[in-house]
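The primary structure of each chain is shown beneath.
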Amino acid sequence: MYLGILVLLAAVLVSVGALYVLSRLTAVARNPLVSRPFLSGWVPEEHALSRYHARYYPVTLLFLAFDVEMLFMYPWAAVVSRLGPGAVIEMFVFLGVLMAGVFWAWREGAFKWA
Amino acid sequence: MLTTVLFIVLALVAVAAGIAVFRTDSMARATYALAASFVAVGAMLLQFNLDYIGVVTILMMVMEMAIMAIFMIMFMGMNPALMPMSMVHNKRGSLLIAGGVFLVLAAGALLVPWPARRGAPAPDLTVSLGEAIMGNKMLVMLTVSPLLFATLVSALVLANPRGRYRPYPKLPAPKQSESGPEHHGHTGGGH
Amino acid sequence: MGLSSLLARVATSRCHVLLVEVPGAASVRMEVQRELVRLGWVEADSPSEADILCVCGAPSGELLGAVDRVWEQLPGPRARTTVVTAEQVARELHGCAERLREPAAQTADAAGRDQRPAEPDDQMDDSDDMNHGGMDHGDMDHGDGNHGGMDHGDMDHGDGDDGMDHGGMDMDMPMPGGIGLAGQEEDRDGLDLDVLHLPLGPVLPSWPAGLVLRCTIQGDVIFSATAELLEGTPAPDPLAADARAFIVHRTDLAGRVLRLAGSDAAAERMYRIRNAALAGEPLGDCRGPLMAELAALKRSVLLRRSLRGVGTIGADSFHAEAGTDAWARLTGWVEGAVRAANGETDAAGVPASWPVQAALLEQLVAGEELSRVRLLVASLDLAPVGTPEVLSR
Amino acid sequence: MSAGVEQVSPVWAVVAAIAVLAAAFAGAAVDGALQARPGARRAGMLAPVAEGARLLRQRRRTLVAADTLLWRVGVAGLPVVAVLMAAVLPFGRWVISDLPVGLVWFNAMDVMLWALVWMAGWGPNAAYPLVGGYRFLALALAYELPLMFALTAPAVAAGSLRMADIVAGQDGLWYVVWMPVAFLVFCASVLAFSLHRPFDAPLARDLAGGVLAEASGVDRLLLLAGRHALLAVGSGFAVALFLGGGSGPLLPAWVWFLAKTLLLQSVLLVVRRHLPSVRPQALMAAAWAVALPATLLQVAGVAVVVVARG
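Quick mapping for you: the protein sequence lines, in order, are chains X, B, R and Z.
Letter by letter, the first sequence follows residues 87 to 200 of the working numbering.
Letter by letter, the second sequence follows residues 5 to 195 of the working numbering.
Letter by letter, the third sequence follows residues 11 to 403 of the working numbering.
Letter by letter, the fourth sequence follows residues -17 to 292 of the working numbering.
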């Protein structure tokens, strides 16, 4: 079953590699140009790789908390038709609790950062 | 035969990527080396026919690592890519613990008389997982729910302490002159 | 070499052109844009994308230096041209495509380029406190084919117990490329995070000609900026005199905002109206399309949401004549153009002097996120100058 | 249950890879035609040919102190992920790998993009791509949860995570009819994970191309091709999950599947041209406070119907 995926992976990796080889033949120069970053025509004062302030980091925490729920959601989706109303109620109480948290976070302004 | 080779390859990839986490000088590379290690483990789980667990391991771990990269890069007390760094704290202690745990687990794997398989696995393991969660393992779900809610709220309270009544200023307040000009520096601090 | 010349011919059927506008050469730039549409070519967003560097107007001084540095960043095949009058445009672009098609010349150009960028020159302000004391230039190998990435394997710091303590390390570490590491500054939530210097302009797509905004950013938020105009201050020119120049100018501004907001289809239609006016079509013919555009704008909920509240200024400011935020200014421009097409003339306001405008700009961008900054700069008519060349056409 | 869709020999995987490429090419051609000025639409169809030739001829670039490894992985990863995603996509009656958890596989592959796009932004060591990469993560935080729940709606209705079962479950009534919210959220997410407008902030013009800002030559080609391939495969999944897969009268299933996919792909390309970019921050509250609850209600509705039907 996974053999197909492996062959697919091999096929696409070979294609990507072939494209790189082809571009070596067709490009005006084989070696890449070493350039400075584009800064509107100025020289960089420092390297861009730095401690980047992603101001939306509170949302990542919300996301992580909510996202664990998906672990249960997929198996639940496969069995809910067999298990009946109990499973539906249970899952949506669960989700409702989380959504309450999300709405609270929204009111707290967690989805705005700049 | 092919499966054995594949298993060995994946195991080696997992271990090698795990080692790379500690060998690299870039937070980004360290994070994604860890992600690669987890992907290899997920692929090994797929080899055990644990389709759901395997795929979901890959899914979750790549996602968590992408988020972890944000924090790793933000909170390390130095440049995350261009300075030599060490990911190891308390080298001796951690070596001791890691070695000990490895020995215990390896001994367990080799010494425990594993029982022979009784019965056959269910035709669809995902379905049986769902039935377990909704059925006899319902307690897990019931505890996880308030736990996640508490996580959500407490994480936000910690990360966003101002709350709704005091929105963040767009910029930090102008600095007092006492701190002087910022020197370029690595003030230390853990990651 | 039949194959490679075929490849070259196909490749140059859709060249990507990076435009640089020298202050005062707006009409040349518009003419180039019109020619690009006619040829089915593309305006490039960055030098890495471009085949052709097209400088509209003759740059000098710092602007020329910036153009030269950007020219070094074009990967090649590449061609460069300076267009000073609108009549030259078609011929110059054609010439560039011709040069792109010459495999031997392009290969020679590529082979003749430096393997690494020249070391930072006097552009770098040496008094800057971000600068590393002992920058050891040039002993890092940036050789070609750097595939495996940099190998730091030999930098083994045995004292792993306190791996974070690199006191003094920054003084004797050779910085790659002679460029320093980012210094840090405190942000509003009490985090000490790195600050980058990001100059915006003069070579930047959809950016006012000659404007340089030297920003310090943390993440994608601009903390402070200083505004500067290269090539001097453009002399304000009463523009209500000529309805055609007025319409061209206003639709050009509106098209720029629309393009930065990502409304490609609307921007193209707006530029089409501008190009028609530029080409001398009867102004009455512009009226219908302009009204249609205005109606379409007002229907676009997403666009309004993305522009409302961007670059909000007081009603007493010069720019507030068009509107107090980006959305109001955008619609205000189009409304003004409609009126001009109707034959009504707006009373021209007195533009503020450059220092006043610069101060406003610096104050507006502080604390804003990059995308909003781009929109708000585009939404200000920094040089309300009717381009004299247009008047004479 | 999975009547109608059968797993084909792994050898066909090569054909599948080519098919994804062809679909991406078709999307680029449609896009080129849409971009061309009126009267030059036919020439616009050839835009991907010209662009391919141009980028193959163009020299590659690297930057001073770039993280070349992560950069290249991110760049090449986009088309790879698009093709791997297609592994579980039923192409009419055939599927390369009929995983029992095909839906989760799709989800896992789309999550790979979090890492890859960010790496493609981080790698060059330049400000614009860096900001672009982080913007993508912000967008992902907004679209991923609604996407995941939109995915579960068809799974609940079919009672399975297998793509074949989901396609078979739409025998008679396409899911789009009674899951419109999930369908719309899914289509929006396809635009988002394939970096198309209105969710193209990571590649936007205001960042001089963002993640694309420093890539040239074959690297740029791979990024752009990956983007179109993702849109094509995403449209394919929308067809399989909501639009009945290959079902349709008279014509063979694969023709129907292809026709629906190309149509949806073109519609998405048209839509994207007429919408402005959305800033991640503007999207965040809308995604969490509107799209997420709406999708949850959709799933709840589907679950109630399924349970009521027994």
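Derived from the structure by calculation, the hints contain no laboratory data.
Quick caveat, the model's predicted, so the values are computed rather than measured.
A couple of the hints might just be wrong.
[Unchecked claim] Not everything, but these chain X residues come out facing chain R in the computed CB check (under 7 Å):
1. 126
2. 130
3. 154
4. 172
5. 190
6. 200
[What the hints assert, rightly or not] Pulled from the structure, derived: some chain R residues nowhere near chain Z, Cβ distances all over 10 Å:
7. 72
8. 83
9. 195
10. 198
11. 229
12. 238
13. 298
14. 301
15. 368
[Claimed, not checked] Chain R is faced by these chain X residues, among others (derived, beta-carbon under 7 Å):
16. 107
17. 125
18. 133
19. 189
Built from N, CA and C at the ideal position, the CB exists for glycine as well.
Going through the hints against the structure:
1. Evaluation of the residue 126 of chain X hint against chain R yields a held restraint, the C-beta minimum of about 5 Å falling below 7 Å.
2. The interface hint given for residue 130 of chain X holds, since its Cβ lies 5 Å from the closest Cβ of chain R, which is under the 7 Å cut-off.
3. Of the supplied interface hints, the one on residue 154 of chain X is violated, with its beta-carbon coming no nearer than about 26 Å to a beta-carbon of chain R, more than 7 Å.
4. Hint status for residue 172 of chain X: violated, given a least beta-carbon distance of 42 Å to chain R, over 7 Å.
5. The closest approach between the C-beta of residue 190 of chain X and any C-beta of chain R is roughly 20 Å, which is over the 7 Å cut-off, so the hint fails.
6. Hint on residue 200 of chain X holds. Least Cβ distance to chain R is approximately 4 Å, under the 7 Å limit.
7. Against chain Z, the non-interface label of residue 72 of chain R holds: every CB pair exceeds 10 Å, the least being about 20 Å.
8. The claim that residue 83 of chain R lies off the interface is violated: its Cβ sits roughly 8 Å from the closest Cβ of chain Z, which falls inside the 10 Å cut-off.
9. Residue-level check passed: residue 195 of chain R sits 16 Å from the nearest beta carbon of chain Z, beyond 10 Å.
10. Its beta-carbon lying about 16 Å from the closest one in chain Z, residue 198 of chain R satisfies the requirement of being farther than 10 Å from that chain.
11. Look at residue 229 of chain R: its CB is around 7 Å from the nearest CB on chain Z, not clear of 10 Å, so calling it non-interface is violated.
12. With a least beta-carbon separation of about 19 Å from chain Z, residue 238 of chain R lies farther than 10 Å from that chain, consistent with its non-interface assignment.
13. For residue 298 of chain R, the non-interface assignment is confirmed: its Cβ lies about 16 Å from the closest Cβ of chain Z, beyond the 10 Å cut-off.
14. With a closest Cβ-Cβ approach of about 19 Å to chain Z, residue 301 of chain R is found to remain outside the 10 Å limit, as its non-interface label requires.
15. At roughly 21 Å from the closest C-beta of chain Z, the C-beta of residue 368 of chain R stays outside 10 Å, upholding its exclusion from the interface.
16. At about 13 Å, the closest approach between the beta carbon of residue 107 of chain X and any beta carbon in chain R exceeds 7 Å, and the interface hint on this residue is violated.
17. Of the supplied interface hints, the one on residue 125 of chain X holds, with its beta-carbon coming within about 6 Å of a beta-carbon of chain R, less than 7 Å.
18. For the restraint placing residue 133 of chain X at the interface with chain R, the shortest Cβ-Cβ distance is roughly 5 Å, inside the 7 Å limit, so the hint holds.
19. The criterion of a C-beta within 7 Å of any C-beta in chain R is not met by residue 189 of chain X, whose closest approach is roughly 21 Å, and the hint is violated.
Consistency note: the structure conflicts with the earlier hints numbered 3, 4, 5, 8, 11, 16, 19.
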